[in-house]
Amino acid sequence: MILFVKNYPCLILKHKNKRYMIISDLHLGISLELEKKGFFLPSQAENLANKLNRLKKITRAKEIIILGDLKHNIPLALKYEKAEINKFLSKINFEKIILLKGNHDGRIENVIRSEKKIIIPKEKFFVIGKYVLTHGHIKLNKKLLGKNIIIGHIHPFIKMRDKFSFYYEPAWLVYKDEKREIIIMPSFNDLCGATIVNEQELIGPIAKNLDREKINVYLLDGTLLDNLDALWLGE
Amino acid sequence: MVFHLFSEKLQELIKKKGFLEPTAPQKLGIPEILSGKNVLIISPTGVGKTEACILPLLDKIKNNNEKPIALLYITPLRALNRDLLDRIFWWADNLEMDIDVRHGDTSKKERSEQRENPSHILITTPETLGAILPGKRMREHLKNVKYVIIDEIHELVENKRGVQLSLLLERLERIAGNFQRIALSATVGEPNKVAKFLGNNVKIINADTEKKYEIKIELPKYKGNEVEGRILRIKELINQHNKTLIFTNTRETAEALGSRFKLLEKDFQIDVHHGSLSKNLRIKAENAFKKGELKALIATSSLELGIDIGEVDFVIQYLSPRRVSKLLQRFGRSGHKIGEISKGVIISDKDDLLESCIIAKNANERKIEGIKIHELALDILATQIVGITLDEYEISLEDVFLTIKKAYPYRNMKKEDFISLINFLSEMKLIYVSEDGKRIKRRKKGWKYYYENLSSIPDLKKISVVDVSKNETIGFLDESFVLEHGEIENTFICAGSAWKIIQIEGTKVFVEYIEDIDSAIPAWEGELIPVSFEVAHDVGRLRKFIYKKIETENKNLLKDFLIKNYNLNEHAAKAIIKTILKQKDFVVPDHKTIFIENFKDFIIIHSCFGNNVNNTIGRYIASMLAMTKGESVNVKIDPYRIIIRTFSKIDEIIKIILNANDLRKVIEISLEDSSLFKWNFFQIAKRFGIISPNATIDSINLNKIINQYKDHLVYNETIRTILKEKMDIEKAEEILNQIKRKEIRVVKSNKKISPLGKSGLERLFFDVIKPKRPEKEIFESFKRRLLGTRIRIVCMNCKDYSISIEVKNLEEYPTCPKCNSRLIGIYDYSFKKDPLELLKKKNLTKEEKKEIERLRRSASLMITYGKKYAIVQAGRGIGVETAAKILSKLPKDEESLLKYIYEAEKSYVKYRKFWKL
Numbered sequence: 016m017i018l019f020v021k022n023y024p025c026l027i028l029k030h031k032n033k034r035y036m037i038i039s040d041l042h043l044g045i046s047l048e049l050e051k052k053g054f055f056l057p058s059q060a061e062n063l064a065n066k067l068n069r070l071k072k073i074t075r076a077k078e079i080i081i082l083g084d085l086k087h088n089i090p091l092a093l094k095y096e097k098a099e100i101n102k103f104l105s106k107i108n109f110e111k112i113i114l115l116k117g118n119h120d121g122r123i124e125n126v127i128r129s130e131k132k133i134i135i136p137k138e139k140f141f142v143i144g145k146y147v148l149t150h151g152h153i154k155l156n157k158k159l160l161g162k163n164i165i166i167g168h169i170h171p172f173i174k175m176r177d178k179f180s181f182y183y184e185p186a187w188l189v190y191k192d193e194k195r196e197i198i199i200m201p202s203f204n205d206l207c208g209a210t211i212v213n214e215q216e217l218i219g220p221i222a223k224n225l226d227r228e229k230i231n232v233y234l235l236d237g238t239l240l241d242n243l244d245a246l247w248l249g250e
Numbered sequence: 013m014v015f016h017l018f019s020e021k022l023q024e025l026i027k028k029k030g031f032l033e034p035t036a037p038q039k040l041g042i043p044e045i046l047s048g049k050n051v052l053i054i055s056p057t058g059v060g061k062t063e064a065c066i067l068p069l070l071d072k073i074k075n076n077n078e079k080p081i082a083l084l085y086i087t088p089l090r091a092l093n094r095d096l097l098d099r100i101f102w103w104a105d106n107l108e109m110d111i112d113v114r115h116g117d118t119s120k121k122e123r124s125e126q127r128e129n130p131s132h133i134l135i136t137t138p139e140t141l142g143a144i145l146p147g148k149r150m151r152e153h154l155k156n157v158k159y160v161i162i163d164e165i166h167e168l169v170e171n172k173r174g175v176q177l178s179l180l181l182e183r184l185e186r187i188a189g190n191f192q193r194i195a196l197s198a199t200v201g202e203p204n205k206v207a208k209f210l211g212n213n214v215k216i217i218n219a220d221t222e223k224k225y226e227i228k229i230e231l232p233k234y235k236g237n238e239v240e241g242r243i244l245r246i247k248e249l250i251n252q253h254n255k256t257l258i259f260t261n262t263r264e265t266a267e268a269l270g271s272r273f274k275l276l277e278k279d280f281q282i283d284v285h286h287g288s289l290s291k292n293l294r295i296k297a298e299n300a301f302k303k304g305e306l307k308a309l310i311a312t313s314s315l316e317l318g319i320d321i322g323e324v325d326f327v328i329q330y331l332s333p334r335r336v337s338k339l340l341q342r343f344g345r346s347g348h349k350i351g352e353i354s355k356g357v358i359i360s361d362k363d364d365l366l367e368s369c370i371i372a373k374n375a376n377e378r379k380i381e382g383i384k385i386h387e388l389a390l391d392i393l394a395t396q397i398v399g400i401t402l403d404e405y406e407i408s409l410e411d412v413f414l415t416i417k418k419a420y421p422y423r424n425m426k427k428e429d430f431i432s433l434i435n436f437l438s439e440m441k442l443i444y445v446s447e448d449g450k451r452i453k454r455r456k457k458g459w460k461y462y463y464e465n466l467s468s469i470p471d472l473k474k475i476s477v478v479d480v481s482k483n484e485t486i487g488f489l490d491e492s493f494v495l496e497h498g499e500i501e502n503t504f505i506c507a508g509s510a511w512k513i514i515q516i517e518g519t520k521v522f523v524e525y526i527e528d529i530d531s532a533i534p535a536w537e538g539e540l541i542p543v544s545f546e547v548a549h550d551v552g553r554l555r556k557f558i559y560k561k562i563e564t565e566n567k568n569l570l571k572d573f574l575i576k577n578y579n580l581n582e583h584a585a586k587a588i589i590k591t592i593l594k595q596k597d598f599v600v601p602d603h604k605t606i607f608i609e610n611f612k613d614f615i616i617i618h619s620c621f622g623n624n625v626n627n628t629i630g631r632y633i634a635s636m637l638a639m640t641k642g643e644s645v646n647v648k649i650d651p652y653r654i655i656i657r658t659f660s661k662i663d664e665i666i667k668i669i670l671n672a673n674d675l676r677k678v679i680e681i682s683l684e685d686s687s688l689f690k691w692n693f694f695q696i697a698k699r700f701g702i703i704s705p706n707a708t709i710d711s712i713n714l715n716k717i718i719n720q721y722k723d724h725l726v727y728n729e730t731i732r733t734i735l736k737e738k739m740d741i742e743k744a745e746e747i748l749n750q751i752k753r754k755e756i757r758v759v760k761s762n763k764k765i766s767p768l769g770k771s772g773l774e775r776l777f778f779d780v781i782k783p784k785r786p787e788k789e790i791f792e793s794f795k796r797r798l799l800g801t802r803i804r805i806v807c808m809n810c811k812d813y814s815i816s817i818e819v820k821n822l823e824e825y826p827t828c829p830k831c832n833s834r835l836i837g838i839y840d841y842s843f844k845k846d847p848l849e850l851l852k853k854k855n856l857t858k859e860e861k862k863e864i865e866r867l868r869r870s871a872s873l874m875i876t877y878g879k880k881y882a883i884v885q886a887g888r889g890i891g892v893e894t895a896a897k898i899l900s901k902l903p904k905d906e907e908s909l910l911k912y913i914y915e916a917e918k919s920y921v922k923y924r925k926f927w928k929l
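Residue numbers (my numbering), protein chains in the order written: chain S, 16 to 250; chain L, 13 to 929.
Hints in this document: simulated from the structure, not taken from any laboratory.
The structure displayed is predicted, hence computed values, not measured ones.
We put the beta carbon where it would ideally sit given N, CA and C, even for glycine.
Do not take every clue at face value.
Here are a few chain L residues that face chain S, going by a calculated C-beta distance under 10 Å [stated by the list, open to error]:
1) T640
2) S644
3) P705
4) N713
5) Q720
6) Y721
7) V780
8) R797
9) G800
10) R888
11) Y920
Kindly produce the complete structure, drawing on both the sequences and the hints.
Okay, structure coming up:
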């Protein structure tokens, strides 16, 4: 069963008396990119780790699954970024950490220096009960595609406008047809760039070409807006 | 006579210069300065106040044979230095003393010369003092400073530059020890505050009593175009005098006036002078005017300070000067000679006539605006603490704390705030903190940061608006506007038309013309200086006075009274009476009467409380509206009006006013999303080193940064700055209380727009106040979703009819086309089986029985409520029971039904930590 944590880009997957916390897209090291543009930020590792530890208390989950893009800079992690990643991993208090590699995580194994139990599945996906978890940038085989899927990768935001202003809100996308559902998670780090999902096409082999009418858009607090086709502002 | 107090040598020079009698500031100031006291001299320009302070100090330096640099002369404006240099040079030279000028443009060679061979007197700016303090060699020379003069201190006390100077003086004192502080000021509202700002035990010398002002107020008569009428009158006045200075309130107006004159007469001897022009152009204009090649010069505040432009015999203020202190400074530029009367005219327009009257009258009575000093500004303090580490390499925190507390704006500094600032600077790697946390040390990154942040004047870039279809610049936007609204596809109004943003590149915004002017936001440019509460209040009082007189007296008598009492031309007096006569058909708003009217989607609140109070109340009302309606609201204020663009009713606004509460909190919350906040944050974050000085405006990244620094020092400093400069919460609360106590009455009208309302709408500069969440939009999508939900209906009577239909297409009370029965049930989609099959099936399972039971219950609710029931049950997570509960509230129409369902959906997730699909 899936529980969405209210007001957080985070969900809990309950399976056989276990609670797995699932988050996606941390992009540690993204502040270096902003720094190049002249914007300086406090350590993201610390803020995000604190946020996660608070969530752990709320949800009582003991294991965490990160759906990819733990690091940001490609191809290599810069020195600061390495420090951030290891600081982050040392600060979060989970018994077990499963990292499903995203498109930013190539050679992440070489970066991590942690004594904690960190599992990085080679196949880049992980199955729990009826759900397949993966970042969203790789193809899945037919059998897996028939299951329910949870991905990140897209950083969905929904755009709204009223008479005098625009608004951008992070959003959950939930695709549903007769057979399966696909959940697309908002990014855990709000410094990341965004896909404006009611203006831009969804990217990645799993999300691309999904029928917009079958995708429901939820705000972080659980408000169901409408299906993506009805909310569509693009061409 | 005071000159006898000087050495014989200096007395001789005074005779040589031809000074016979000391002027007021000299007579009063010289003995005090000679006695070594800290002194604040208040006097208008042109009465020898520079000599009043410089002569006794030169004499002392000479007699005591003091080492250079003995005297620092600090002025707010670079341009001032050259003229001063000429003036002081004569005295210094004859007393065999050297003098130097140091500012940002001083060449490397000169700077090294000053380092090797310092002069007795150094003329500089506050920023340059900041630049030379950490220099090793310069600090050796600065040790000898015995006297500091701050010229035009009134230009500094109210802004962050001044706050910075107050800390710089304390840093200087750590190097030089105690020195004598002398400041010169134009006439100000609260001399005591300025004195405290300057230092301890300051003797105030008020030498302002002599100056007389003769100020006329004119509304030029015109045929056709009003602006042209004003220009022709200005031309006439210029021709009647030798040399005329014309002051405008903004650079845009100065430029516009200049070009109008050129259109009128190509070779008219007039030029423009303002801060956006290059230094060369400015100096050229100054010199041409000085030499008499120009008959008139159009200027902004750039010429208020004592730049030498020779004799001026007439001053014209174009439109209301908005502040009494401004008027005194500007008109003080004429009749520069001692005992002469300063003469001038305010060329007013209809809307600001009364304001001009009040300001001119208050000027002659010296009723001047109070002084507002920035207290505990943390951005300035951050730079200065880093500066201290550069001066001294390493220093104990206690010493730093005691030093800054000596500066007046930081006298109430709390230790914990100080420590958190120190921690921040250490996090930013700008200083080192020792392990025991008791000492701080300079750090490499600190140098760059310090020198990048010496200037506390925000640099305003102008962004040009380019029409892509013609590749033509159609106007300019403030950088701050682009910061807030500069997103592709946004629409705004510029040069009278609506435009859509296509692309943004550096300092250019490319736009495309659009028809839809309604949804576009007007771009606000160049903000005007605020009109004080007192002036606006007095304008209200004067309105009331005139209104009463109109009721009881002969209009000609009233006209004559106004002409005589306020020095008006006849046309102006007539216009004042005419406006009030017309307004009388509605309500004449005054200092005790708030008048609210409605025009299209504008609500105009007439409130004579000045910019800052109106800004506070206006933002409060707009925030409350945005919050309750869940959609953005446009608000605009001027000293006499708050204009809100909304479809709310007047009564809703009155209710908000009467129940006003917790102003600060409400305003703070909505400020966060405003362009005002973002712009100030951008500037302040730069001074904290969070944004590099070269970073270009980028609204997406700026929003991210703001989110990261919520509740941080930089965030709090931004709020503090805005509340200090743009708002007056205390006064606004007082006004709202007076409204609650009915000491101020609120009157509304639903007639068509009043004359005073109309003139308020003429200048359209609005700011957008956003709700935290676009509730209204969210509700709209909810509505669309709900009414578009597909349901399957089944006839429970004949069990032979079943269709799938969108809720919105359902009849009010659906009937079965086959058997005409109204017993129509709604089938649960998640139940996969065909409903008709299910109804006919025998030997039902437990679940199937339950579903049929549910169908029956839904059919009976359909009979009672019809379509309404269908709508309700389409809500997310709403079962038959909740649906029945909502319907029993008997919503009066579909809209209120939808609101109930929306609330029910919300409460479904409200009290839970988790939500499910």
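Task: Agreement of hint L:N713 with chain S interface, Cβ distance less than 10 Å - done: Cβ of L:N713 sits 6 Å from chain S, so the hint holds.
Task: Agreement of hint L:P705 with chain S interface, Cβ distance less than 10 Å - done: The hint holds - L:P705 has a Cβ within 10 Å of chain S, the shortest such distance being about 8 Å.
TODO: Go through the hint on L:S644 and say holds or violated, using the shortest Cβ distance to chain S against 10 Å.
DONE: holds, 4 Å
Task: Evaluation of the interface hint that places L:Y721 against chain S, nearest CB under 10 Å - done: holds, 8 Å
TODO: Verify the interface restraint on L:Y920: the C-beta must sit less than 10 Å from at least one C-beta of chain S.
DONE: holds, 8 Å
Open item on the list: Given a cut of 10 Å on the nearest C-beta pair, is the interface hint for L:Q720 held or broken against chain S?
Closed with: holds, 5 Å
TODO: Identify whether the interface hint at L:V780 stands, where standing means a beta carbon of chain S within less than 10 Å of its own.
DONE: holds, 5 Å
- [ ] Have a go at the L:R888 hint: is there a Cβ in chain S nearer than 10 Å to its own Cβ?
- [x] L:R888 check passes; min Cβ-Cβ to chain S is 5 Å, inside 10 Å.
Task: L:T640 as chain S interface residue, shortest Cβ-Cβ below 10 Å - done: violated, 14 Å
Open item on the list: Can you verify the interface hint for L:R797: is its Cβ closer than 10 Å to any Cβ in chain S?
Closed with: Since the shortest Cβ distance to chain S is 4 Å, the answer is holds.
Task: Evaluation of the interface hint that places L:G800 against chain S, nearest CB under 10 Å - done: holds, 7 Å
Hint violations for this structure: number 1 only, all remaining hints satisfied.
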